[in-house]
Structures are given as C-alpha cells and as structure tokens.
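Asker: Given next are the chains, with one letter for each unit.
There are 4 protein chains.
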Amino acid sequence: MQIDLNSDLGEGYGAWRMGDDAAMLDIVSSANVACGFHAGDPRGLLETLQQAARRGVAVGAHVSYPDRVGFGRRPMDVAAQELTADVIYQIGALQGLARAAGTRVTYVKPHGALYNTIAEDARQGDAVIAGIVAVDPALVLMGLAGAPILDRARAAGLRVVAEAFADRAYTPSGALVSRRLPGAVLHDPDLVADRMVRLAAEGVIEAADGSTLQLQADSICVHGDSPGAVQMAARTRQALRDRRIAIVPFAP
Amino acid sequence: MQIDLNSDLGEGYGAWRMGDDAAMLDIVSSANVACGFHAGDPRGLLETLQQAARRGVAVGAHVSYPDRVGFGRRPMDVAAQELTADVIYQIGALQGLARAAGTRVTYVKPHGALYNTIAEDARQGDAVIAGIVAVDPALVLMGLAGAPILDRARAAGLRVVAEAFADRAYTPSGALVSRRLPGAVLHDPDLVADRMVRLAAEGVIEAADGSTLQLQADSICVHGDSPGAVQMAARTRQALRDRRIAIVPFAP
Amino acid sequence: MQIDLNSDLGEGYGAWRMGDDAAMLDIVSSANVACGFHAGDPRGLLETLQQAARRGVAVGAHVSYPDRVGFGRRPMDVAAQELTADVIYQIGALQGLARAAGTRVTYVKPHGALYNTIAEDARQGDAVIAGIVAVDPALVLMGLAGAPILDRARAAGLRVVAEAFADRAYTPSGALVSRRLPGAVLHDPDLVADRMVRLAAEGVIEAADGSTLQLQADSICVHGDSPGAVQMAARTRQALRDRRIAIVPFAP
Amino acid sequence: MQIDLNSDLGEGYGAWRMGDDAAMLDIVSSANVACGFHAGDPRGLLETLQQAARRGVAVGAHVSYPDRVGFGRRPMDVAAQELTADVIYQIGALQGLARAAGTRVTYVKPHGALYNTIAEDARQGDAVIAGIVAVDPALVLMGLAGAPILDRARAAGLRVVAEAFADRAYTPSGALVSRRLPGAVLHDPDLVADRMVRLAAEGVIEAADGSTLQLQADSICVHGDSPGAVQMAARTRQALRDRRIAIVPFAP
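Residue numbers (the numbering used here), protein chains in the order written: chain R, 1 to 252; chain S, 1001 to 1252; chain V, 2001 to 2252; chain X, 3001 to 3252.
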C-alpha cells in the first residue's frame, strides 16, 4: 500500500516568510510550489526547488489567480483566455526555475479560490485544462477527490490525481464542510492521523454526521503554515508508516 | 550577405497597448518579447507569440528588472542571486507561452536599464549570464556590439549576438551617444536606412563626429512604438533588401 | 437647466497612455480620476489633477478593486473589511495628490466591476459606503441612476448623485442593456447627443424596446478612450449648450 | 529630559505578517507606518493605525520606493518628478487611513534604500522634500542625525527630527558603520540600552573605534522584527525611564 503526501510550499514573498519549507520537505512526497501569482518570488522559489530536488520530493506548479494581496483566496471572474494564459505563464516560470534547480515540474495543483472554483465551474476548469495541455499534456492535474474537474480533465486527455484533505471535515456526499461552519477544520493530530490511515488503507473516511464515505484519494494534503500544523503533518506521516503504507509521489 | 532585424514586442499590459506588434512582425526577423516584468500580460504575450510563430519570426526573452511602473528603465541595485532568479523565472515563463504558441525561445535580450547596466557592470552581467546558463546554455545572449558583456558571456560558454541600434548616434569609440545629448536619436528614415545598409555591407558606421567606425553587428534593433517608427523600420528593411542583404534570424 | 458631464481620466500607467485627458477636460465638468488600483501612477495622476485644477473641473476618486492587469473590470469577491480599507486608501492617496495640485476630491465614483457589483450588492455596497464615511462624510457618492446603492448611501447619510451613460442602451426598467447583447453600446454621435438633451431637459430616455422611461440623472458619463469617443462627447456637450443647458459640476 | 522612541510598523502584507505591532506600540512613542509601496496592505495598515490611535502613539508616513518584492531596500534611480509624486501618493493614502482610524500623520520617515540615499543625495532628497511640502508643510521630516538632508529640509521650511539607531555602530564621524562590516549591528540589549541612555542624557555616543562622538538626536529607532528585537526595545525603554528620561513623541 502507498499514498502521496503533498503540501503548499514556496509561499514566502521577498522579505516575508510563510511556513517552514525545510521541515515540510522532510514530511511530504510532493511539493505544490507557488508560481508568483499568489505567493513566491523567484529567488525564494529557486531555493525551495533546490531543497525539493535534494530530497527527491516531486514538484507541482501551484498556479493561482493574479492576486498577491489576497493570497489567491478571493474568487475572481477571469475570462477563459486570460486564465489559460495565466496558467501557462506560471507553469513555464516554475519549469524554468525547476530546471535551474535540477528538478522538473510533474503536476499542476490550482491554488485557493481557483482550486475551489474549478472543482465545479466548467468554464474556468476548461480554461485551466487548456493551459496545462498547451504547455505539456504529460503534466498531471491534482484536484479535489470526487469533483467534476477530474472527469473533465480526464476527458481532455490529462492524467489526474484525486486529493483528500487531512484536516478537513467531509459532508456525507464527499464535499468539504464549508470553513464557515463549526467543525470544518480538525485540530486533533491523532484523530487526523487515524482518519488518513483509514483513508489510505480502506478508501473510507468518516463524514461529519458520523456516516462513512467511500473516497478514492491518491494524495493527502497536509499543511505547514504553523508549528502545530507541521507537527500534525509529521504525526500523519508517522501513522501511515507505522501501518506500512509507503509515502511516495504519485507522479511518474 | 545577411543580417538580423530585431524589435521589442509584446509591450502592452492588460488594457494598455504599446506599438503595433503585427506591423513589426512583418518587418523584423527576431522579436524581443517582454516577459511580464517591465511589460506584457500572459494573454497579450501569447497572442504576440502566436503571431511570431505564424510568420516564422525568431523569439527572444526580453528580460527586465521587476519595475512595471518604470517600464524597466530605471537602474536598480538588485542582488546577484535575485537577478539570476528573476532572469530564470522570466525566461521560463516565456518558454511556456512560446511552447503553447507553437514556437520556442532562442535568445535572451535584457531590456532597458538592465541592458545598459550589464553592458559594463560585471556583477549584474554575471548574474544574468548565470540565469541563462541555468535554464538552457543553448540560449543566445544579445548585447550591445563592442561591450564587455559579450566577452563575459562568451567566456561563460554562451553564444552571443552583437547588436547595433538603427536610430542612435555613436561615439567615435563605438558607444551610444547618451540620450541626454542633442543628436543622440536619429529621425531621418533615409539617413537611418543608409547607415544600416553600410553597416550590414561593410561593417562600418559613421560616428557623431563624422569619423568612421568599425562595428561588427549581427543584428539591428528597430523600433515600433509610433507610426513614424514603424515606417522607419520598414524603410530600413527595404533598403537592405534592395541591396540584396537578406534579413534572417541569427538564431539557430 | 443644468447638468454635469463626467468622464474617467488619469487612466494611463507609467509609460502606457489611455485616452486624451487634456481634450476631455475641455468637455466635462467632473473628472473621475483613477487612484492607482486599476490605473494611474502617481506622477501621471498629479499631471491630470493639475490640468483639472487649471480648468476648474471637479475631481472625483475613481476607486477600484486591486486589479491592474484586469483594469478593474473583473468581479472579485473581496471581504468587506478589505474593501472598506481599499476605498479609504485610494481616496486618501488621491486627496494627497489633489492637494498638491491645488484642488480637492469632492466625490467618489467606483470603477468598472466594483461599480456594477455595488449597484445591487448590499455587502460590497455597504463596505464602500463605510470607507467613504470613514474618510470624509461630506464626499458625494456617484452611482447608477435608479440603483439600490443610491438609497443605501443616502440612508447612511451620504449625498448621492445619479448617473446616466450617454452611449449605452437602457432596458424598459431603467437598467443598462448588457454589453453582451447587440445594441448595448450606441455609436451615432447625433443620436447620443439627442438622447442626452432629452434626458437633461425632460428626465426621459428611450429604452431599447422603443418605450420611454423616466430617468432622474444628475450627471452624464461620456468616454474619451478613442478619437471617436472624444468627438461624441464634444458633440453631446455642444448639443446641451445649444439648448441652453448649462454644464456644471454637481459637487459643492 | 525626554526623547522619542520610534519603530517601523505596519510591515505585513496581506496574509504575510512581519514583527509584532501590538507589542511595539506599547514601547514606542512614534510609529513609522508603511504606506503600501514596500509593505502594508490597506486593511492591515488600518488595524495598525487603530492600535496606534488607542495608545496615543504618534504616526509617521514610512514612504518608500515602489519595490515590494525588494522591501524597499534596493537603491533605485527614480526621476525627481516620479519620486515627488510617489511621496505625495503615499502620504495621502496614509492620511486617509489615519483619519479613518481617528488619528493623523504628523511626520514622514523615508524607508530603507530611500532613507539612505536621500541622507546624502540632493536630487532625490529635494524630490522627497518637495512632496512633503506639497501635501502639508507642517509635516516633520525624520532623517539621519548629522546628515545633509536635515539641513536641506530645514532650508525648505520643514521642521526636522534627527534620528539615532539603537542597535547600530557609528563611525567616529557620526555615520553608521556599513552593514557589510563586522560589528555594524549590536546584539547586547544591556549595551544598547546603556548607549541610548547616554545619548539621551548627554548627547554623546561611543564610536566603533572607542572614541566618543557628539550626536544630537531627537528620536531613537528601535526594531521589532524578531522576539529578541522586541525585548531589546523594551530594555532600552526601561533603561531610559529608570533614568527619568521621558519617552514622548517629538511631533506636535
């Protein structure tokens, strides 16, 4: 048995730091690296990519709406042609930096509001898919497990990877519980670790109402934006390994 | 006999236009395409690259300091590591867009204040060279004919291309007359065309004091940022062809 | 009889020009001046404000979402506290420049997607109102004639000004015909001028279906982003004056 | 006896935090608040200004070159007219936010590379002075104690405040020891506190070579960008108060 662990990295900007990339690169098998639109300056990104290369961690392009002050978290009504070109630009930029760092980009994970929007929205989803296909159709798209975007991407010829979130509650139908609702985010490291072991081993996760849910996930997203988050991610990693579930990149 | 004609293109930004890319792509053999740091948004750049691809015009990455409001024209004291990473990021972004447009980046021409600074400044020049080498050592560096940067790049293993400026006056030693001095910029299309024919045919240009100067140039820069500029560029192109000097990209 | 004519000015950015501010300042009585978020760099804005001051044209803050590459035309889901602070920042910046130019900001007109969103959306509308009140409750809010935002602003204690668009078709209920529909934008200068004279004189405008509509408007928006637009604006001005309708700022 | 303590605040940006503004506002009497060009988003700035207002801490505009990714630390060759307008824009924006927060801007302290450049450079210095005078000639300019900029500002009619740096070594002539040299930055809180008490009480500071130096300073800059820095600032504050040196804003 095996699964991928991914985390959002390279999210500093100039003099500003965010998270502990070095610590997380010892935990995850795949790094979603910012591309400059919501976070990440070239020099900082290059350093994160060099660290990822040294540890053999797979690299994905964490593409975003162009909204640095909003950290890519604010929905934007971007035209399809703009979005496609924005995705191409960001992937290309990260590919250049990855090449310089001795590694390469193997997948694309949209960030924040773009991630959430394209899970369901066909117009923006197709624009993102078109951007990926135009740069390199061998790139894998990482998206929300169970969401329509994965089917659309597969239909367009892309390989896809379904992602689950370690610290988020799920509805009985497999959607994430909205962050605006109580209990949406889980804070108990042991509970989170147990849930992820079960997910990886059995393909099952307990929903917020206590029912169980089939969820096919190839990768688990863990966070590193606080010391507590790093510890939770490390705890999840350890629990998986204790159950002899290998943590390996999904990407080829 | 042959020579390359190049021009700065893709210099709009969002709703703002600059120059007439379509007209210039019918005149030049090489397009220095902005990379987003001084000008160029992804969608507009993609369109310019698609037009260049259709016409078989070679594409160069017109990398800049990160200074959009100053259009990359203001000297900045950027640290070497920052500059190297900025160059990599910009080349990568344009490579991604070029791939999507069915073409590829074959050379790099620094823009504006960066171009002028690295002509002489070894620290920034070496940082730019390091960025190019890190992305792809097969990329050609275009620089000011006669300037030390060309030797430094050659020593680092890069192929270089020496550039002359169609509408600029030269000092007897081969430098450009400063824009702050009268007569620095030439406005007579016939005079400009005659000078460029002589340069291409004989490797000679008349300096501002009337003396003649040996100048080895592989490419001639023409501008397209006004209707008059486009006409001057077209006039130069015609004069070269009338003398059976082929206008072809230098790049492989 | 009198009416105000307004236009969007100061919309260049650095090396990029847009429209002909000098020409429009001879036509309008009120200038909606960009504040840097969708367009306008400080130096260019200062020049526009100096020209407005010399001609006695009233100055409004043309506040926007923070989206320069999208020219403020893309809807964004900005949190209320962010939007309020963004509005305050922009008004303050323009007030500083206006003071330096010997004039002052008397009103606020939201730009582009923000203008359209707050016409109906109470959450964003209230956030904009809160920003204006926090800086200076004597500032006037300019908004779409007939839209709910005007009532909300009045209820918050602001003076408001209702605006009509010279070159736009109206639905029978007084809304603007969507730009996605044919006929949404009018191109005949004489027709536009006649409509605006009737609007100013009788408070009536003909809707797209031929019916007539009562529309109370204190100000008419004209555009200056093309030579044809400037001519149309001048034609409207002349038609109003021919009918002895004075063109004067609404602002105190 | 009395002196002012100042610190750079409001230096977060969107999701990125920097320093502990709340802690520093309990220590200092004057807050140099970022204006958005090197740091500071409107919402975060508004919160910092509200906290400063509640504590009665004086507010200065910490104006910068437009270089967010470089945090305003990189020298830029900005034209005088651009710099003047940039200064006006930033002061105005902070004035608007300060008004909304129930306080006001009483002084201007240029930031980072701009601070260092104008200490000596007359062209850029005069451009900054012109910007301040244009917005409000009652604003005080804070500058490096002993530097020519203070005389130039006084000659232009501005009130000035001379500033010393708590954690920096001085040359025998009163300049700061370059950060590139060993010993440029002091790390011993007790040593720093003792030096500042002596400076406030006697107008004397020990230079790096052991000689003593007359230095007239109205304000002492302390930093808050790390837990250690906050402690050092608190230690300096306590040492001054133990010697009955009041810590009060210089500004009217």
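The reader is advised that the hints may include incorrect statements.
Sample of chain X residues lacking proximity to chain V, with all beta carbon distances greater than 10 Å (derived) [as the list claims (entries may be wrong)]:
| # | residue |
| --- | --- |
| 1 | Asp-3041 |
| 2 | Arg-3043 |
| 3 | Ala-3085 |
| 4 | Asp-3086 |
| 5 | Val-3135 |
| 6 | Arg-3152 |
| 7 | Gly-3203 |
| 8 | Gln-3216 |
| 9 | Gln-3231 |
Covered, in the sense of this in silico footprint (three residues per stretch, anywhere, with C-beta under 8 Å from a C-beta of chain X), are these stretches of chain S [what the hints assert, rightly or not]:
| # | segment |
| --- | --- |
| 10 | 1115-1124 |
| 11 | 1224-1238 |
Because the hints were derived from the structure by calculation, they are not lab data. Just so it is clear, CB atoms sit at the ideal spot from N, CA and C, and this is done for glycine as well.
Asker: Does each hint hold? Answer for all of them.
Answerer: Here's how the hints hold up against the structure:
{"no.": "1", "hint": "Asp-3041", "in the structure": "violated (8 Å)"}
{"no.": "2", "hint": "Arg-3043", "in the structure": "violated (4 Å)"}
{"no.": "3", "hint": "Ala-3085", "in the structure": "violated (4 Å)"}
{"no.": "4", "hint": "Asp-3086", "in the structure": "violated (5 Å)"}
{"no.": "5", "hint": "Val-3135", "in the structure": "violated (5 Å)"}
{"no.": "6", "hint": "Arg-3152", "in the structure": "holds (19 Å)"}
{"no.": "7", "hint": "Gly-3203", "in the structure": "holds (36 Å)"}
{"no.": "8", "hint": "Gln-3216", "in the structure": "holds (31 Å)"}
{"no.": "9", "hint": "Gln-3231", "in the structure": "holds (31 Å)"}
{"no.": "10", "hint": "1115-1124", "in the structure": "violated (count 0)"}
{"no.": "11", "hint": "1224-1238", "in the structure": "violated (count 0)"}
Hint compliance for this structure: hints 1, 2, 3, 4, 5, 10 and 11 are broken, all remaining hints hold.
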